[in-house]
Amino acid sequence: MKTDDLISSLVADHPSRMQPVWMWLLAGLLAALPLSGALFMMSLGPRPDLATAIHSPFFDFKFVVTLALASAAAALSLHLSRPNASLHGWMWLLALPVGLLGIGVAADFAVPQRVNWTGRLVGSSSVACMSAIPLFSVPFLIAALLMLRRGATTRPTLTGAVAGLMSAGLGAAIYAAHCMDDSPLFVATWYTLAAVFVATAGALLGRRMLRF
Amino acid sequence: MRGQEQEWTDLMRSANAGDTAAYHRLLSAITPVLRAAARRGLLRAGQSPDQSEDIVQDTLLAVHLKRHTWDAKAPFAPWLFTIARNKLIDALRRRGRRVFVDIDDFTDVLPGEEAPEPSNGVDIEAHLKTLPERQRDVLQSVSVDGLSITETAKKFAIKEGAVRVALHRGLSTLAARARKDLI
Chain A
28 MKTDDLISSL
38 VADHPSRMQP
48 VWMWLLAGLL
58 AALPLSGALF
68 MMSLGPRPDL
78 ATAIHSPFFD
88 FKFVVTLALA
98 SAAAALSLHL
108 SRPNASLHGW
118 MWLLALPVGL
128 LGIGVAADFA
138 VPQRVNWTGR
148 LVGSSSVACM
158 SAIPLFSVPF
168 LIAALLMLRR
178 GATTRPTLTG
188 AVAGLMSAGL
198 GAAIYAAHCM
208 DDSPLFVATW
218 YTLAAVFVAT
228 AGALLGRRML
238 RF
Chain B
34 MRGQEQEWTD
44 LMRSANAGDT
54 AAYHRLLSAI
64 TPVLRAAARR
74 GLLRAGQSPD
84 QSEDIVQDTL
94 LAVHLKRHTW
104 DAKAPFAPWL
114 FTIARNKLID
124 ALRRRGRRVF
134 VDIDDFTDVL
144 PGEEAPEPSN
154 GVDIEAHLKT
164 LPERQRDVLQ
174 SVSVDGLSIT
184 ETAKKFAIKE
194 GAVRVALHRG
204 LSTLAARARK
214 DLI
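Chains A and B, in that order, give the protein sequences.
Here the working numbering is used: the first residue of the first sequence is 28, the next is one more, and so on.
Here the working numbering is used: the first residue of the second sequence is 34, the next is one more, and so on.
There could be a bad hint or two in this list.
[To be verified] Simulated crosslink set (DSS-like; lysine-lysine; CA at most 30 Å straight-line):
#	chain 1	residue 1	chain 2	residue 2
1	A	Lys29	B	Lys187
2	B	Lys188	A	Lys29
3	B	Lys162	A	Lys29
4	B	Lys162	B	Lys192
5	B	Lys213	A	Lys29
6	B	Lys106	B	Lys162
7	A	Lys29	B	Lys192
These are computed hints drawn from the structure, not numbers from a lab.
Can you build the whole structure from these sequences, using the hints too?
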């Protein structure tokens, strides 16, 4: 084909406006939410003492830190969806959830508690946590990767990993409503491990899916 | 060089505002630069520059389908050269070469350099044949036959909206086929 002919067809297609990637990502995550919610209700469901738990600062903290991770990673993934996006300064976004986690752990040690710190770290549900968070992350991760394909990242592996962190943050926020372990020490250990696992999956998938 | 890059940025801004003529001028203006860079990249990798037109077309297609990822506040040229570099690397990788592409290949276009004659691309032509019938017919009509959307709609007795959809899907499928060749 002649290049001029190709250009004619591109120009003819110009009126088909492309929506920005953030709109697609938002739509994808909103579509994934009921799926993850349904998985949650069918498998674990909320903890029985939910009504009283919401008055506990450490219980609420789990949502703050997981949603902070999801928001920071979402912003970063959108930034990365432009070609040759500069990383300078942007990776600091991830310091937000990490910093929050640090403050939580410090508070965990500062206030007097019934269970000693090793007991709080090991908790009672680490295995459930490690399997449930990735499970609830799956719909978000698939949606995020499909929507980020509409971007043009020159770092597909990194963008996939960040999409994994975002999905893990959302999946963890859902799981947190079931999880009986509220200690930030537990969250910093097991939630983080689960997030690293989902981020790795995201990186491997992103490497293939996000090339353009 | 500066003046040219500023002109591209202005053209792309006008194009985003809905100016189709500006979009046409922009694509026509960047094509010779992309062609020169693709030839230089192939030669540097020890490859024949014969396939440079395929790289040019693959790049134009990506520019078109990813144009919403250009930040209108930033200059256009660096965005363009990143996409072009990416497509050159893909093309070389497809031929089993691991290569390092110098970004200077794109930015250092010598003013006196003679413009290579455009040749025909073969990849898109080949992929075109594998498209679903409607997409292929519409794309063929709008590109090779040079008909407008309205004329194409009349020719195949379908609605203009259907022509637009088929055209856009066809272009997206072409880009997807090119990507598939990689894996």
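Verification of the supplied hints:
A C-alpha spacing of about 24 Å is found between A/Lys29 and B/Lys187, which places the hinted pair at or below 30 Å, so the restraint holds. Restraint check for B/Lys188 and A/Lys29: satisfied, since their Cα atoms lie roughly 22 Å apart, inside the 30 Å limit. At roughly 15 Å between alpha-carbon atoms, B/Lys162 and A/Lys29 fall within 30 Å of each other, so this suggested pair holds. With a CA separation close to 23 Å, the supplied pair B/Lys162 and B/Lys192 stays within the 30 Å bound.
Using a Cα cut-off of 30 Å, the hinted pair B/Lys213 and A/Lys29 holds, with the two alpha carbons roughly 22 Å apart. A threshold of 30 Å between alpha carbons decides the hint, and for B/Lys106 with B/Lys162 the separation of about 39 Å lies outside it, so the pair is violated. For the given pair, A/Lys29 sits about 27 Å from B/Lys192 by alpha-carbon distance, which is consistent with the 30 Å threshold.
Hint check: a violation occurs at hint 6 only; the rest are consistent with the structure.
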